[in-house]
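K.L.:
The lines below spell out each chain.
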Amino acid sequence: MADPSNEKLDTVTGFKTTGHEWDGIAELNQPLPRWWLWIFYACILFSVGYWIVYPAWPLVFSATNGVIGWNSRTAVDEAIAQLQADRGPMVDKLSKTEIAAIKDDPELLDFTRAYGSIAFKENCAPCHGAGGGGAKGYPNLIDDDWLWGGSIDNIAHTIAYGVRNANSDSRYSEMPAFGRDGILTGAQIRDVTQYVRSLSGLPVPHGSDLEAGAKIFADNCASCHGDDARGDQEIGAPNLTDAIWLYGSATPDVVATITNARNSSMPAWSERLDPTTLKALTFYVHNLGGGE
Amino acid sequence: MSAWAKHQILETNAILLMIGALIVISIGGIVEIVPLFYLKNTIETVDGVRPYTPLELAGRNIYVREGCYNCHSQMVRPLRDEVERYGHYSLAAESMYDRPFQWGSKRTGPDLARVGGKYSDTWHLDHLNDPRSVIPASIMPSYRWLAETELDITYLDEDLMVQKALGVPYTDEMIENAKRDAVIQGTLDPVEADDLLARYPNANIRDFTGTVTASGRLTEADALIAYLQSLGTAIDFNLYDDNANIR
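So the sequences go chain by chain: A and B.
Under numbering that gives the first Met the number 0, the first residue of the first sequence carries the number 0, and numbering increases by one thereafter.
Under numbering that gives the first Met the number 0, the first residue of the second sequence carries the number 0, and numbering increases by one thereafter.
Everything labelled a hint here was simulated from the structure, so no lab data went into it.
Ideal placement from N, C-alpha and C gives every residue a C-beta, glycine not left out.
Please note: incorrect hints may appear among the correct ones.
[As the list claims (entries may be wrong)] Now the stretches of chain A that chain B is said to cover, found in silico as 3 or more residues with beta-carbon under 8 angstroms:
| no. | region |
| --- | --- |
| 1 | 50–61 |
| 2 | 71–80 |
| 3 | 261–270 |
Please build the complete structure, drawing on both the sequences and the hints.
P.N.:
Structure follows, in structure tokens:
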């Protein structure tokens with residue numbers, strides 16, 4: 000402990016030293032700066048006001064509520080109510096307007112486009128791409144080729160209930176894993192692969208047995224994809240005669256599709272988004288280019 | 000001798016100063032922390048929250064191992080913009096079985112508290128393998144090895160025992176069946192799913208990577224996706240009353 004008797008007056012500054020001394024180096028014992036001290040006291044006073052206004056002190060069973068009754072839960076509810084009030088009549092109008100009638104009202108049209116575009120970026124773009132262009136395994140939404148239908152009603156249903164998920168209203172169909180489950184042999188899969196590729200005019204390797212492929216197709220695939228292979232939107236069976244291939248048109252891709260099946264899924268967005276947002280999304284997707 | 004002069008005794012004696020500081024900090028800590036254990040409005044029991052299934056717990060261990068929390072938080076704060084983007088704000092009860100919690104404070108990537116069910120399993124697998132294949136502007140690293148590495152469930156039952164020792168209510172039955180439950184949930188052996196669902200209501204039971212059925216083995220990606228798909232899905236917010244606990 001410092002010995003007060005060691006305190007010396009520092010002749011240069013006029014302050015006393017603390018009494019500590021290391022090889023002739025001593026520490027000045029200066030008071031705290033006044034400005035600092037006053038801010039310190041002001042903070043203490045402020046905290047007293049804070050205790051009174053906001054929830055603060057824990058008591059036996061609950062805490063003091065503060066005179067303004069602030070609460071984080073009611074605060075966020077109020078902020079969201081304010082947000083809805085700010086968006087105001089347009090959201091209300093959108094919720095009451097049929098999707099087909101939105102385009103007749105230029106102001107509502109602009110609003111719905113913006114509203115749908117924001118919801119699309121947050122919820123849909125991770126799979127379908129920022130512009131709706133899709134990717135391998137994630138359908139393109141800007142062309143006019145639809146798996147489950149491109150009418151407003153069909154798009155609305157697909158967005159609201161999704162595809163192959165746990166929702167009881169979800170779109171559902173399941174292609175068998177023809178190779179994995181032993182329905183077709185490797186040779187049969189190769190034949191039907193080349194037959195299916197030939198349907199959309201893709202060049203097939205010399206010596207492919209397209210007749211055998213056609214027979215295998217008629218026996219195994221036509222029940223869903225149709226005798227003419229043009230698919231069936233009722234059961235999400237894709238059209239195999241066009242140049243659009245969700246999982247790729249190269250021979251290994253098609254073989255993999257037939258061997259293991261794909262059966263990808265999409266969430267049911269009605270479980271996460273409100274009806275007005277779903278409506279804006281439906282309009283937005285329908286308007287991306289391929290809506291029927 | 001004034002009070003200031005007495006304060007000098009503390010200032011000039013390191014041990015005394017340390018003891019004094021410890022006492023002051025303890026008082027602050029006790030006043031701030033202890034009431035959280037008994038005040039009614041800080042303890043909220045909510046229907047639907049259950050301990051993680053063994054497969055989800057294994058996925059959670061991978062989440063922690065890979066340091067996902069360095070970039071992803073798991074807490075939607077009760078603020079307008081967060082609720083707008085991510086959904087209902089997080090409740091304390093939702094992480095009551097997290098040892099340790101994964102709230103985080105750093106959002107280089109988005110919050111994951113409500114990511115369960117938001118994307119398909121295929122998307123998660125593609126995204127873990129190569130984030131830029133689905134999000135072109137993503138700066139997340141690739142975690143390609145997760146789908147290539149077989150999940151090690153050797154110590155899964157012991158993981159549950161550790162969690163139990165820390166206060167998660169795993170029963171002896173759950174611990175005994177831990178490895179089996181992981182295998183069932185990943186559909187490596189999709190029998191006795193009813194038993195699993197009885198122990199862990201609403202658990203997702205499926206082939207998360209789509210490769211388990213063909214390859215006959217669970218990968219780390221299966222566990223991680225099972226965990227991610229469970230996040231934030233425990234509570235039905237159509238039934239939950241925000242204001243019931245305000246008192």
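K.L.:
Taking the hints in turn, state whether each one holds.
P.N.:
Each hint tested on the structure:
{"no.": "1", "hint": "50–61", "in the structure": "holds (count 3)"}
{"no.": "2", "hint": "71–80", "in the structure": "holds (count 8)"}
{"no.": "3", "hint": "261–270", "in the structure": "holds (count 5)"}
In summary, the structure agrees with every hint in the numbered list given earlier.
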